[in-house]
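Read top to bottom, the protein sequences are chains A and B. Under this note's numbering, residues 485 to 744 are what the first sequence spells out, in order. Under this note's numbering, residues 174 to 561 are what the second sequence spells out, in order.
There is no bait here: all hints are sound.
Computed from the model, here is a short list of chain B residues facing chain A with C-beta under 10 Å:
1) Asp185
2) Asn191
3) Asp195
4) Arg200
5) Gln224
6) Asp226
7) Leu227
8) Phe239
Hints were generated in silico from the structure; no laboratory data involved. Even glycine gets a Cβ: it sits at the ideal position worked out from N, Cα and C.
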Amino acid sequence: MNIVVCIKQVPDSDKVTIDRETNRLNRAGVPSIINPFDENALEMALQLKDKHGGKVTVVSMGPPQAEEALRTALSHGADEAILVSDRKFGGADTWATSYTLNLAIRKLGEIDLVLFGKQAIDGDTAQVGPGVAHFLDIPTLTYARAVEVTGDTLKVTKVTEDGYEVWDVDKPCALTVVKEANQLRMPSLKKKMAAKKAEIPVWGFDELQPDENKIGLAGSPTKVNKVFAPPVKLNKEILSGEPADMVADLIKKLKERNVL
Amino acid sequence: MAAMIDYGITEDQMEIVNLIDDFGRERIVPVRAELDEKGIFPADLLKELAQMDLMGLYIPEEYGGFGASQLGFCLAVETMSKYCIGVSVSYAANALGADPILIGGSDEQKAKYLPPLASGEKWAAFGLTEPNAGSDAGGIATTAVKKGDKYVLNGTKQWITNGGEADIYTIFAVTNKAKGARGVSCFIVEKDTPGFSFGKKEDKLGIRASATRELIFEDCEVPAENLIGREGMGFLLAMKTFDISRPGIAAQGVGLAQGALDEAVKYAKVRRQFDKPIIANQGLLWMLAEMATKVETARAITYAACRTIDAGVKDVSKISAMCKYYAGDVAMSVTTDAVQVFGGYGFMKEYPVEKMMRDAKILQIYEGTNQIQRDIVGTSLVKEYASN
Numbered sequence: 485m486n487i488v489v490c491i492k493q494v495p496d497s498d499k500v501t502i503d504r505e506t507n508r509l510n511r512a513g514v515p516s517i518i519n520p521f522d523e524n525a526l527e528m529a530l531q532l533k534d535k536h537g538g539k540v541t542v543v544s545m546g547p548p549q550a551e552e553a554l555r556t557a558l559s560h561g562a563d564e565a566i567l568v569s570d571r572k573f574g575g576a577d578t579w580a581t582s583y584t585l586n587l588a589i590r591k592l593g594e595i596d597l598v599l600f601g602k603q604a605i606d607g608d609t610a611q612v613g614p615g616v617a618h619f620l621d622i623p624t625l626t627y628a629r630a631v632e633v634t635g636d637t638l639k640v641t642k643v644t645e646d647g648y649e650v651w652d653v654d655k656p657c658a659l660t661v662v663k664e665a666n667q668l669r670m671p672s673l674k675k676k677m678a679a680k681k682a683e684i685p686v687w688g689f690d691e692l693q694p695d696e697n698k699i700g701l702a703g704s705p706t707k708v709n710k711v712f713a714p715p716v717k718l719n720k721e722i723l724s725g726e727p728a729d730m731v732a733d734l735i736k737k738l739k740e741r742n743v744l
Numbered sequence: 174m175a176a177m178i179d180y181g182i183t184e185d186q187m188e189i190v191n192l193i194d195d196f197g198r199e200r201i202v203p204v205r206a207e208l209d210e211k212g213i214f215p216a217d218l219l220k221e222l223a224q225m226d227l228m229g230l231y232i233p234e235e236y237g238g239f240g241a242s243q244l245g246f247c248l249a250v251e252t253m254s255k256y257c258i259g260v261s262v263s264y265a266a267n268a269l270g271a272d273p274i275l276i277g278g279s280d281e282q283k284a285k286y287l288p289p290l291a292s293g294e295k296w297a298a299f300g301l302t303e304p305n306a307g308s309d310a311g312g313i314a315t316t317a318v319k320k321g322d323k324y325v326l327n328g329t330k331q332w333i334t335n336g337g338e339a340d341i342y343t344i345f346a347v348t349n350k351a352k353g354a355r356g357v358s359c360f361i362v363e364k365d366t367p368g369f370s371f372g373k374k375e376d377k378l379g380i381r382a383s384a385t386r387e388l389i390f391e392d393c394e395v396p397a398e399n400l401i402g403r404e405g406m407g408f409l410l411a412m413k414t415f416d417i418s419r420p421g422i423a424a425q426g427v428g429l430a431q432g433a434l435d436e437a438v439k440y441a442k443v444r445r446q447f448d449k450p451i452i453a454n455q456g457l458l459w460m461l462a463e464m465a466t467k468v469e470t471a472r473a474i475t476y477a478a479c480r481t482i483d484a485g486v487k488d489v490s491k492i493s494a495m496c497k498y499y500a501g502d503v504a505m506s507v508t509t510d511a512v513q514v515f516g517g518y519g520f521m522k523e524y525p526v527e528k529m530m531r532d533a534k535i536l537q538i539y540e541g542t543n544q545i546q547r548d549i550v551g552t553s554l555v556k557e558y559a560s561n
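Model the full assembly from the supplied sequences, consistent with the hints where possible.
See below:
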């Protein structure tokens, strides 16, 4: 199977500190990691390769330093890595990012499966996976927990709010993967050594030949006007009285609000 | 490993250290208390180490290994030992079991047995100790009698690390009783050989994740081609094996002591009594300073032994014995002090230092007690000064 895994380099949120004076995040000097959900997508790809053979290519769109995330992916067992990077791609929203990644995946040739983490921990939009699938004109299933391949068909277990669904989908298709799917294997020493020296092609404007109106900040239909913390509205009510009465009261109030 | 001191560790060696550090934090720490409490052999962790290309770290590249130096291998053992020496001994005992083949095996034996050990598909164990032959390894009673193109083994080995879990065993047996230590030979015995069985798994004070079992040989027929070297070479082979395996035990001591020091310093900074962190008490700070100095001196002598071996120096018995007993004693002392720094909490199983203290004790006992190591150093001194 020819599998592409799209990964994003994100700040390690465990190591982000808050500036006590300004109450803003200290972004400088925060180490970068592979988006944790993308690790699950990578492991799913590696397991499919272990079982059915083929090739795993990791693709990341980002600034030049995203190369580090790609090298990490290679040390865990990916076969090839492509960095999609160009100043002209800078400031892309999820739509323009999806369009640009789609061009890179098309350039890779015949593909059976494209995998994504269910969302990135920095933007949390969960839009790029389905967006890329849209531009590639292939079906998407989100929140995949498990996948089995029989011939040209994938049996995908998809997590839902109240359980899971099992879908059959034909190749080629795209999946976004949840954390419960697996745990990324440790890197191998030999692959880690090889990853340090690996040539990682950088595909930019010239390589991908995009429509200039669909890339970067200018090609992004969404504009961020303002970032703010929404005011928290709490309708707080404190019950009093004997415990048995309070419980009865609580049940009644919850039923009124259709919670129970 | 402490970053403050420059030991001339190469970039490749640092890759090994960093990889095992990640493995320790992500894979060993979450399970070590359970492995210890229930005495579970870390088979899953060894399988993951195989996938990480680390089971063959010490095996030459021509046999599918990584070809790390003695120092490279000991850095791996040290780093893993910061997290759990029950796991690191299960890992390192593979090298101990394979060493007689690496040192004295024929090209055919190496080609047959080393590649599956390098890939981690098979595991190894070393079988010398017996109920009545501990420090006096020359007193072993297991016999091997030649019968046609086979040797027939009879006897019992005791306290064999990886016993029952390993697939390939290097076993020491007497082929000529009249010759004493020079009548001992070493054989490669595979797990499923008829007449070869295992006793119960021992219940231990420490390193409880590791498997320690009896090996029982009852008319166990081994092909004559499984003899390593020649008849009578066994004792020499065992001593040469110990020369290179003892720095590995020292590395366990360094790692374990470092792990305990790390826990103790972190705790001393956050534990508050009398309105200040306990590390603000000079008495306690000096205790931590002593612990850190002991760890560093143990590390220095262990690396010195490794470099001496890597340089190809012929007689390394003295420095190997020195680092083994020194680092083992340091581990016992530093882990005991770490429990003291934690006070009552240190005595509780919720914190990792009580396990570290229990684990440390074996380092003063196995692979030759620390008294035997002092004997080896002393014997070397007597020889060195014989002409003066």
